[in-house]
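Number of protein chains: 2
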Amino acid sequence: MSGIEYRAWAIATCDCTSELSRSLFFQGNGKVGMRAVCPLDKARGHEHGMFMAGCFETLHDSITDMVNLPDLLCMILSDKDPRSMHQSLDFATGVLERTWETDNALYSYERVLSFSDRALLGHRLKVTAKRGFMLEAKDAIDAEVVNLPVNDDQTKINIHTIKLIADVEMKEEGDMVDLRFSTACGTHSLHFSKHLEAGGSKWLEKGESWEIRSVASIDGRKALPCYDDMKRASAKALEAMWEKVFRFDDSDPRMASAIRFNIFCLMQNAPDQDISIGARGLSHGRYKGNYFWDAEIFMLPAYLKIMPEAARHILMFRCMSLDKAMENAAAMNLEGARYPWMCSTQAIEQCESWDTGSCEIHVTADVAWALDAYVKETGDLEFERSCAARVYKETARYWVSRFSYDKVSDCYQMLFVKGPDEYCGVTCNNTYTTMMAKHNIKLALDAARRGLVSLKPGEMARMKDILDKARIPYSAALGTYLEDDTYEKLEDFDLSGAKKDGSALYHRICFDRLQRLKVIKQPDVILLYILLPELFTEKQAQSAWLEYEKRTSHDSTLSWGMHAVAAFKLGRRKEGMDYLRKALFLDLENLMGNTASEGLHVGACGAAIQGLLQLL
Amino acid sequence: MSGIEYRAWAIATCDCTSELSRSLFFQGNGKVGMRAVCPLDKARGHEHGMFMAGCFETLHDSITDMVNLPDLLCMILSDKDPRSMHQSLDFATGVLERTWETDNALYSYERVLSFSDRALLGHRLKVTAKRGFMLEAKDAIDAEVVNLPVNDDQTKINIHTIKLIADVEMKEEGDMVDLRFSTACGTHSLHFSKHLEAGGSKWLEKGESWEIRSVASIDGRKALPCYDDMKRASAKALEAMWEKVFRFDDSDPRMASAIRFNIFCLMQNAPDQDISIGARGLSHGRYKGNYFWDAEIFMLPAYLKIMPEAARHILMFRCMSLDKAMENAAAMNLEGARYPWMCSTQAIEQCESWDTGSCEIHVTADVAWALDAYVKETGDLEFERSCAARVYKETARYWVSRFSYDKVSDCYQMLFVKGPDEYCGVTCNNTYTTMMAKHNIKLALDAARRGLVSLKPGEMARMKDILDKARIPYSAALGTYLEDDTYEKLEDFDLSGAKKDGSALYHRICFDRLQRLKVIKQPDVILLYILLPELFTEKQAQSAWLEYEKRTSHDSTLSWGMHAVAAFKLGRRKEGMDYLRKALFLDLENLMGNTASEGLHVGACGAAIQGLLQLL
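Protein sequence lines, in the order shown, are assigned to chains A and Y.
Using the working numbering, the letters of the first sequence map in sequence onto residues 4 to 619.
Using the working numbering, the letters of the second sequence map in sequence onto residues 4 to 619.
Treat the hints loosely; a few may be bogus.
Said to hold, decoys possible - Short derived list, chain Y residues pointing at chain A, Cβ under 7 Å:
#, residue
1, Asn336
2, Cys354
3, Val411
4, Glu425
5, Val429
6, Phe496
7, Asp497
8, Leu498
9, Ile512
10, Arg519
Said to hold, decoys possible - Computed cross-link-like contacts, DSBU-like style, restricted to lysine-lysine with a CA-CA straight-line distance of at most 35 Å:
#, chain 1, residue 1, chain 2, residue 2
11, A, Lys502, Y, Lys327
12, Y, Lys521, A, Lys521
13, Y, Lys166, A, Lys410
14, A, Lys472, Y, Lys410
15, A, Lys410, A, Lys521
16, A, Lys410, Y, Lys503
17, Y, Lys502, Y, Lys410
18, A, Lys410, Y, Lys225
19, A, Lys503, Y, Lys459
20, Y, Lys83, Y, Lys247
21, Y, Lys502, A, Lys472
22, A, Lys459, Y, Lys521
23, A, Lys472, Y, Lys521
24, A, Lys521, Y, Lys239
25, A, Lys467, Y, Lys209
26, Y, Lys467, A, Lys467
27, Y, Lys502, A, Lys502
28, A, Lys503, Y, Lys410
29, A, Lys410, Y, Lys542
30, A, Lys308, A, Lys553
31, Y, Lys467, A, Lys553
32, Y, Lys467, A, Lys502
33, Y, Lys502, A, Lys410
34, A, Lys577, Y, Lys542
35, Y, Lys166, Y, Lys45
36, Y, Lys459, A, Lys542
37, Y, Lys45, Y, Lys239
38, Y, Lys521, A, Lys410
39, A, Lys503, Y, Lys327
40, Y, Lys445, A, Lys521
Read the hints as simulated data drawn from the structure, not as lab findings.
We treat Cβ as the ideally placed atom computed from N, Cα and C, and that holds for glycine.
Model the full structure from these sequences, guided by the hints.
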C-alpha cells in the first residue's frame, strides 16, 4: 500500500518525495521537528515543516499557530533531475538517509536532529562523480517560509498563507551563517546559527568524491561540533533511550519495525521542557500544533513505560497553567479551573467552534486522571504534594459548579456536554464525563483528607453529595452503562454497510445526521473501562464491549489502539491482535488516509503502544 | 430618554446626528432604504447606510452581505458648523425634514423616498441668508462607500471594511449625473441617475433664499420628475396605504405616535417584489441584511392586517426558494425541504455557527404556518393550490426524516434542536418545534386529502404515525407543556435580581452558563399558544403563562410584543398593556440599547402591532 520496506530497526522506501513519506520519515528530538523535505525536493513556503516545540505566534485575537520556521537544513544543488531515489529512517541512530543518482553522479544524503544536544541538527551530502562535471552546492538557510493555518472548522480548506516570521537578519561570516529573526508579533526572538564545513562550486573528476557537511543550532551558538561528532553523540543518547524501553517479542521484523516506529514517534515528539505535545507532534502544523487530551489519555500512559520524564513535562505544563484554567472557568461563570479543549503554550482556549470547545469538558477530568496515573506509576509523592494536589482541588471545584442540582429527581445532572464519542450531539449525562468528574472530585477529597489541600466543610459536603447523587445512565437490558441520556433514543444504523469503502463516515454524512444515528466514532464507555476499570464488573465490561464495539466506526485515529487495550483486558485476544495490528500500521500504511496531509498521529502511536503493553 | 417629541403623525428631535436618530429617522419605501445621514453629518464609508432590497453580494464562500450603496442624496455645503438642529419624520407624507442655522443663514432640508414610484428618491435644501455670504452647494453622489460585515459570532466586533462595489463610472452631462457600477463579484450591474435642479456657488444677500433640489433614480432613467411632483405623488400613495390600515384609538398622541411609528416601519420595509425582509429591514446592515423567521412569525401577521401584498411577497420568496431548501435538506442527508435559519436572496444557509444554524430548525415549520395563515386570512385558494401546497408537502417530508423513531418507547423523538428560547442549550423534544412540525405535517396531509399534492400511501401512514406518537414533554405538576426534555433539570435562577440593571443577561453570563439556568430569552411555549391556540385548554394556557412568563428575561426584542398578545388573549389586560407599551417604544426609547448600533427591529414592530391588534 504505502510502499514501505519494514526492517527490524528501520523503515525504507523508494517513494521519497510524497507527502506521505514527508510525514513517515519525519525527524524530531522533542525540541525541533522537521518533515522529510530533502535537497532537490520541491517545497512551497508552508511545506518545509520545520517546527520548534512551544514556538507559537498569534494569528488573530488570542488564536495562535505553530510557527513554520526557516529551514536550517537547506541545500541547493545544480545537478538536478534525481532518479533511483531511496531513503531510510533508522530508529536506532535517528538518521534519515537518502540516496539517488543523476547522469553525473551518485548521491548519499543524511540528516540528524541530535538527541544528545537538542538544539543541534545537521546534515551531510556525499557526491561521487560518474563522469567529470561541475557541481555547485550551496548549503543554506531558507527563510522564505510561511504558515498555512488550518481552519478550526476543518471542512473548509484554507488557501491563505500568513508570514509569521519577521525582522529577518542573515549574516555570513567565514564559514558561519547567523540568522536572527522574531515571530510576527514579537512573542519569540530567535537566533539560529550554522557552521558550514564545505560548499560552493567544484569540478569533480570521474570517480572523485566530495562531502558537504554542516551543523546548525537553534540557540545561536558560535562553537558548533563537527557533523560526525554530533551524529555519534546523538546515536549514543538514543541508544540509552532505547535501553530504557520495555522488551517485547521482536521475532517478526515487520511487527518489530512497526512497534519501533510507534515508540520512536513518541521519542521524537517527547518534550524536554514543561510543555505538552500537539495532536500531530512536531510532524505537521495540523490543528495549529495545539495540545488536546490526546497527551494525557493516549500518549501519557505509553510515556510512563518508556520515558516518564516526558510524562512529567506534559503534566507540569498543566500544573503551571492552572491559573489560566481558573481564568477560563471564571470567564464561563464557573468556579475553580477548567482546562481548554485545545491550547498552545499560552493555555488559552483555541477552539473556535462553540459546540466542541464548550461541550467537550471531560478534558479537565482527564488532566486530573493523568496526574494521578503519573503519581501511582512513579510514586512521586513530592510531585503530588507540590503540584498535582492544587490541580485536583481547583478542577474538583470546577466540577462542583458545573453539575446542576435537579430538585425534582434529587440528583446532579451534567447538562449539555459531549463525551469522547464525537459522533454524539450535545447531550446530557455522558457517563464518561460524569464518572471522570467524580474521579476528579475523589482525588481532591483524598488530597484534602491527607492534608495536601484544604477544602471548606461545605465544599466537602457538596462534593460527597455529588459522588452519591450524580446521575449515571444505566441500562438493565444491556447490563451496562449507557453512553449518555440520548443513546437509547438514537436511530439504528447499518454500520458495516456504510463503512464498506473504509472511509470515515463524516466524509459522506453531515454531523447533523450522524448525531442522530446509533454509531460511535471512538471508544467512550469502553475508554472509561480502560481508565477506571474498578467501575465495571467483569460482566458489565463484557456487556459494554458487546454493545458498543460493534457500533464503533473507528473514524478517530484514537480508536483502534484503545480497542486493542480493552480487548486484551477482556480476554478477547484475537480481536485484540486485529486492533493492535491496525493501530501499529495506522500511519505506516496510511490506513486512515490522512497521514500524508496531516502528519503523524502521536496520540494513536501512544494508544498502539498501550495496546502492546497489554501483551507484555 | 431618547429625546423624541411625539406627535400624532410624526416624531421629532433636536438630537439629529446620533446613531440612534440615524436609525429612528430612517426612511425606506421597501425598495430603497436610507439611514438618516443628512448634509453636514459626518459619515464614514460604511455609515451612509443606503441599501436596496435584495441587493446582496458575496463576501467569501457562499456568505453574502447586504451592499452599502453609493449615497444618492449627498449634498456638500461650504457653510459648516450647524447649530439649533431639529428634525422630524412625518408618517403621513414620509418626509424627513431637518432645520438648522449657522452664522450666515437658516437652512431647511427635506428628503423623500417615493412610495408611488419606488425607484425614485429626492431632496431639497432651502437656504435663507441672515447676512450676505457666498455659499457653495454641491449636490452629488458619494460612491466612496464600503461594507463593514457583521461577524456571525456577534461577540466579536469586526473592524475590517470591504469594498463591495466595483467598476464605478460616473458621468456628468448638463444637469444629469449618471452612475454605473457593479457589485464586487458582478452579481448586480446597477445604473443610478440623478437630475440636479440647481447647485454650484452663489452669493446670497441678506434675506435672500435659494433652493437646491434634485431627484434620483436607481434604474438609470433619463426622464426624472421634478422634486415637488415626486414628493406630492409619494404622499398621495402613502395616504392610500394609511387608508387601508385598521382604525385604532388615537386619543393619546404619544401612543398614537408610537403606534404609527411601528406601522410606518413595517410600511417602509415592506418589499414590492418576491423577497423577504431582513431582521433590521433596510435600516442597517446588521445580520448582513439576512432574512430570518422574523418575517413569517413576527412581521407577517401584522402585514396581513395592513398590507397583505407584502405578506404575499415574503411567502412567494419561500415558495420560489423551495428548490434551494430541498438542496439544503439533501446536503444534510435528509428528505424534502429544509429552509435555512438565515439567508439572503440566494436562499442558502448564512449561519456560520453550527449549533444555531443546524439546530434552530423550527424555521421550516414557521414558513408552513405562515403560508397557511396567509391562505386563511386572504382566502386565496389559488395561491394555496399553485404555490403553498408543494411547500407543505416537501417540508412535511423533511420533518418525517428529521424525527427519530425510538423503538424502546415507541415514539418519535426530535433530537438535538433549539427552540425559539435561545437561552436553552441544544436539547431534545422542544415542544414548540415538534408541535409546529406536526402542524406542518397536518397541512401536507390536508393538502393531499384535497388533491392539491400527491403523497405515497407509505408516506401518509408514516406522517399519521408521527402525529400520533411524536413525544411532547408535559408536566402534570405544572399543568402544561414543558419547553423541552431538559427544562425541569435546569438550575433555579433569581431573574429579577440579575436583571436589576435592565441589560441583557448575555452581556454578563456566557451562554455555556445561561443554558443550564431556568431562564428564558423569549416566548417559546407561550409563542406556541399564540400560533396554535387550539393545542391548549384555557387552563393549560394560563398555566403556561404562570410558569414561563416570570422566567422570561425578554433579552430578545421579539419578546415583549408577543407577551402582549398572549396576555390580552388570556384576559390579562394590565400585563398586556405594560408589555404593549414596552413593545411600541422599544426602538423609539432605545429600550434594548441597540437601536442605535443595529437599526430598527422590524420583527419587534410586527410583534408590537400584533399586540395592538388584540385590542381592536
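* Mind checking the alpha carbons of Y/Lys502 and A/Lys472 for me, to see if they're no more than 35 Å apart? => Holds: Y/Lys502 and A/Lys472 sit about 32 Å apart, inside 35 Å.
* Under the criterion of a CB-CB separation shorter than 7 Å, is Y/Asp497 in contact with chain A as hinted? -> violated, 14 Å
* **Y/Lys467 paired with A/Lys467 [C-alpha distance capped at 35 Å]** => violated, 49 Å
* Asked: Hey, A/Lys472 versus Y/Lys410, does the alpha-carbon distance stay inside 35 Å?
  -> holds, 29 Å
* Asked: Going straight from one Cα to the other, do Y/Lys445 and A/Lys521 come out at no more than 35 Å?
  -> holds, 29 Å
* When you check the alpha-carbon spacing of A/Lys472 and Y/Lys521, does it fall within 35 Å? -> holds, 21 Å
* Asked: Do the alpha carbons of Y/Lys83 and Y/Lys247 lie within 35 Å of each other, as the hint requires?
  -> Cα-Cα ~43 Å, so violated.
* Would the stated hint for Y/Phe496 survive a check requiring a Cβ distance to chain A of less than 7 Å? -> At 11 Å from the nearest chain A Cβ, Y/Phe496 fails the 7 Å test, so the hint is violated.
* Hint validity - Y/Cys354 Cβ closer than 7 Å to any chain A Cβ -> violated, 12 Å
* Straight-line Cα separation of A/Lys308 and A/Lys553 no greater than 35 Å? -> Distance ~30 Å between A/Lys308 and A/Lys553 Cα, so the pair holds.
* Could you grab the alpha-carbon distance between Y/Lys467 and A/Lys553 and see if it respects the 35 Å cut-off? => It holds: about 33 Å lies between the C-alpha atoms, which stays within 35 Å.
* Taking 35 Å as the top limit, are the C-alpha atoms of Y/Lys467 and A/Lys502 close enough? -> holds, 33 Å
Hint check: violations occur at hints 2, 4, 6, 7, 8, 13, 17, 18, 20, 24, 25, 26, 27, 34, 36; the rest are consistent with the structure.
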